[in-house]
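A.B. asks: Given the coordinates of chain V, work out where chain C should sit on it, guided by the hints.
There are 2 protein chains.
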Amino acid sequence: MSTKSPLSDRSGWASGGAISELMAQAIANPDCLSLAAGFVDPATLPVDLVKQAAAEVLAAPDARDLLQYGTPAGAGRLRAAVLELFAMLEGVPTEELAETRGLTAGRVLLTNGSQQFLSLVCQALLNPGDVCLVAGPTYFVMLGTIAGVGGRAVRVETDDDGMTPAGLEAALDHFQTVGELPRVKLLYLVPDFENPSGVVLADRRRSELLDILDRRDPDGRIRVLEDAAYRELGFDGTIGASLWGRDRSDRVIYSGTFSKSFSPGLRIGFGLAPVELMQPLIDRKGNEDFGSAHFNQHLLARVLESDRYEAHVADVRRSYRRKRDALLAGLSEHLGDLPGVSWREPAGGLYVWANLPEGVSTGFDSPLAEAAQRDGVMYVPGELCYAPESVDPASGESRPRPTNHMRLSYGVLDVGLLREAAARLGRAVRSVL
Amino acid sequence: MSTKSPLSDRSGWASGGAISELMAQAIANPDCLSLAAGFVDPATLPVDLVKQAAAEVLAAPDARDLLQYGTPAGAGRLRAAVLELFAMLEGVPTEELAETRGLTAGRVLLTNGSQQFLSLVCQALLNPGDVCLVAGPTYFVMLGTIAGVGGRAVRVETDDDGMTPAGLEAALDHFQTVGELPRVKLLYLVPDFENPSGVVLADRRRSELLDILDRRDPDGRIRVLEDAAYRELGFDGTIGASLWGRDRSDRVIYSGTFSKSFSPGLRIGFGLAPVELMQPLIDRKGNEDFGSAHFNQHLLARVLESDRYEAHVADVRRSYRRKRDALLAGLSEHLGDLPGVSWREPAGGLYVWANLPEGVSTGFDSPLAEAAQRDGVMYVPGELCYAPESVDPASGESRPRPTNHMRLSYGVLDVGLLREAAARLGRAVRSVL
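Residue numbers (our numbering), protein chains in the order written: chain V, 276 to 708; chain C, 276 to 708.
These are computed hints drawn from the structure, not numbers from a lab. Glycine included, C-beta positions come from ideal geometry on N, C-alpha and C. A hint or two may mislead.
[Stated by the list, open to error] Partial chain V-side listing against chain C, Cβ under 10 Å, derived:
(1) P281
(2) V315
(3) L341
(4) L395
(5) R480
(6) S482
(7) D486
(8) F537
(9) P539
(10) L541
(11) N562
(12) D564
(13) A601
Bound conformation, chain V alone (with noise of 0.2 Å):
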C-alpha cells in the first residue's frame, strides 16, 4: 500500500481470503467442472417456496411492516420459528428447552447467513492474539474469519472420529506450559459431515471433549463454538445430541444456517448464546448493520411455519444422497485402483475428504492443480483447511501443514458432470503421479 492510503491493522488481517478467489473463479469458468465449490445445489434451490412465500407475506395486512426496518436480534416470528426448529432436532419439546437450560426465543440472533454469527462470536471474545482452537482439517473460511480479528487459529490431532480427546488435553497442556492457557478463548467444532472432511464428531468424543473442558476449566471460560451447518444434511437418519445439548457449563454457543438446507440468497442464518453473550453480540450487530433483512426474514418464518420446509429439506438431502454416490462411484472408478489415493465416504453434508500419497501436493500452485485446470476441474487444497499452527500429542510441537489433500464437493454438479468431473480430476491426478 502506498502512504496514500493507510489502512488499518485489522484490514490487514482480512486476507483476500481463498473464498473470494474460488467463488469468483467458479463464476468465470463456467466450462470447468467444480468440484470445489460449497455452493449448493442448484436444482435444490425452492424457487416455487420462494414465490409462493413472497406473495404470502406481501399479501398479508402487515406486509408493511415487513419493508421497515426490523430490530439488530432480527424478527421475533423467525426467531420463534428458528427455537421451534431447534428443538425438533434437538428431539426435546421448547418447554422443557427454557426449563432446563432457559433458551427461549429472545437468545437466538438472526444474522446475515451463520458466517456473520461466527464472525460477530469471533469479535466478541477474541483480542489479536487469543488463541481458537480447531480441528485438521477445519472449514477454512473460518480460519479467514479467525485471523480476521487478529486472533490465532491452532489445530488440534483430528482422526476420522473427528478431534481426538488426546489432542485436546495436549493443546491445552502445552498452553498451560508456556503461560498462554487464558488466551486460549475458544474450541471451534463443525462436528457434523464437517466440511471439509465429511466426519461426524463421535458420539463418545462430543461428550469426551466437553469433559475435558469441564474437568480442566470448571468456569466455562473457553466457549465452544460449534457449528451446526450441515446438520440436517444427513443420509442416514438422525445423528448424536449436539454439543450443546451435552453442556453442562453453559460454554456451547451454536450456529445455524438456513443456507444448506433452503436457499443461501436470503442470507439467513442464526446463532443460540449464552445469556451473558447476547446482549454483546446484539451490540455488535446493530453496530454492524442494523439488522438483517426483515422481508426475508418473514419470508423465511412463513415457510418454516408451514410444512413445505420439512418436505423441501427431505427432497435436498434425497438430491444430495444421489450426488454423493455418483461422486464416490465416479471415483472409484478414476482413482480406486491407484495406490496411496483414498477418500472417505461421507455420511451427510456435501464433501469428500480425498487423501494422495505423501509427496504429492495439491497446493494453487502444485503440478497437480495445473493438470487439473488443464483438464477442466477445480477443487479446493487441503492445505487450506489446515491451520497454520498446531499442538502434536506426541511431540507438543506444531508440524507443517499437511499438502496432499483435497476437498471435493458433489454439491453444484449434477449427477452427470459429477461422474465427468470424476474422469477429469482421475487424469490429472494419473498424469502427476
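C.D. replies: For chain C alone, coordinates are given in the frame of chain V:
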C-alpha cells in the same frame, strides 16, 4: 462481566447504542408518539412494487441463481443499476464518469444497508485511537460505529451551512500542534439534509472543505466519507454537486442507501470507493458475511431498471414534504411563543433540529424526558448527536456537549399524529420551562 466470559476489548467498544434502545422503545410502546425513530414512513413502503418485482425475478429463467450465493461485492446487475442512478444524480453520463474518474461498476460495493458500508470503512481505515472528524451535531449511530472500532470521533465547529472551514482548520491545527495529525484518518460528512440537523452543507462550503484538505494534505491521506443517505429526499429540486463530484484527490468515499428512498426491510446500501480501497473493503465484507442477500439485490435491480423507482421516490418526497409541513405547523402552534425555543426548517430528509433555552436539558434522565414520557411523545436527545471531544476554533479546547437540543423526525407518524405529537411536545416543554 464475570470471569466466566472474558469479552474482547472491541466488544466493550460496541456500546449498546442508543439506536437499539430507541428502536426497541418505539416497537414496545405503540401508544407513545415517536418523533425519535428514523424509520421511514410506513405509508410509503412499496408493497406492490416489491410484490411485482419478486414475482418477475422469480419467473425469470435464471430465478434459481438469485437464491444461490452471490459474491461479496454483490450482483453485477445491481452494481450496474446503482452506477446508473449515481450518474443520474451527479448529472454526468456513466461513460464520462468512467473516462474522467475511472468509475465503473467494479467500484460499487453492495452492503447490508449503508450502515454496513460505514462500518466496513471504519474497520478498514481506523486503528484504535485514530481520529474521525465529524460535524456537531452528526449522525449519532456513526459515533457508535467509530467507537466500535476503537476510533475517536472529534467534532468540528458547525453552523447553519454545515461544518465551517475555520472549524476544520482549527481541528487540523490542533492535531498538528499536539503531534497527532497522522492519527486523523477520516472526515465524515452528511452533506444533504443531514441527520440530525436537517442542514445542507452549503455549495461553497463543500469546495472549501475539500480545498483545505488538498492544501494541508495533498496526498489525500485523510479520507472523506460522504454519507449521502438523504440525497434523493430534497423537497425543492436538486441540490449542489456531491463532495465526490468535486474531489480532485481521490479521497472521497461515497455511501448511499435504498433504505430511505425505497425500503429498509430489504437492507440494501452501497458504497463507491477509491480503487485501492475496494479490495480491502470487499475482503472485509467477505469475512463478515460473504455478501448481502442475492435475491434482494436482483429484486431491487429489477425496480431500478424500470421507471417505477423514480416515480416511487417522487411519491416519497411529496409525502415527507407534507409531513414536514405538518410538524412545522404543529411546532409553531404549540411552541412558537416560547422564548428561547426555535428550530430549523429542513428542505429535505426526515429531521427537524430543535433548540431549547440553554440550561434546559433534553437528556434521557432530564425532567423534560420524564415529562415527554408522561405526555406520550419521544424524541432523540440532541446530546447523543455530539461527539464527546471537540476542538473549539477560538481556544483550541474541547468543550462539553450541548444538552439543550432535540432531534425530531417526521418519518413515521402521519400528518394527524404529527400535529398531536407537537401538541404533546409543547405540553412537555411548557411543563419544564
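A.B. asks: Now tell me, hint by hint, if it's right for this structure.
C.D. replies: Hint check:
1. P281: holds (7 Å)
2. V315: holds (7 Å)
3. L341: holds (5 Å)
4. L395: holds (9 Å)
5. R480: Hint violated; R480(V) Cβ to chain C Cβ min 25 Å, cut 10 Å.
6. S482: Hint on S482(V): violated, closest Cβ of chain C at ~22 Å, above 10 Å.
7. D486: violated (19 Å)
8. F537: Status holds, d = 8 Å.
9. P539: Since chain C brings a Cβ to about 4 Å from P539(V), closer than 10 Å, the hint holds.
10. L541: Holds: closest Cβ of chain C sits about 6 Å from L541(V), inside 10 Å.
11. N562: With a minimum Cβ separation of about 4 Å from chain C (threshold 10 Å), the hint on N562(V) holds.
12. D564: Nearest chain C Cβ about 4 Å off; hint holds.
13. A601: violated (20 Å)
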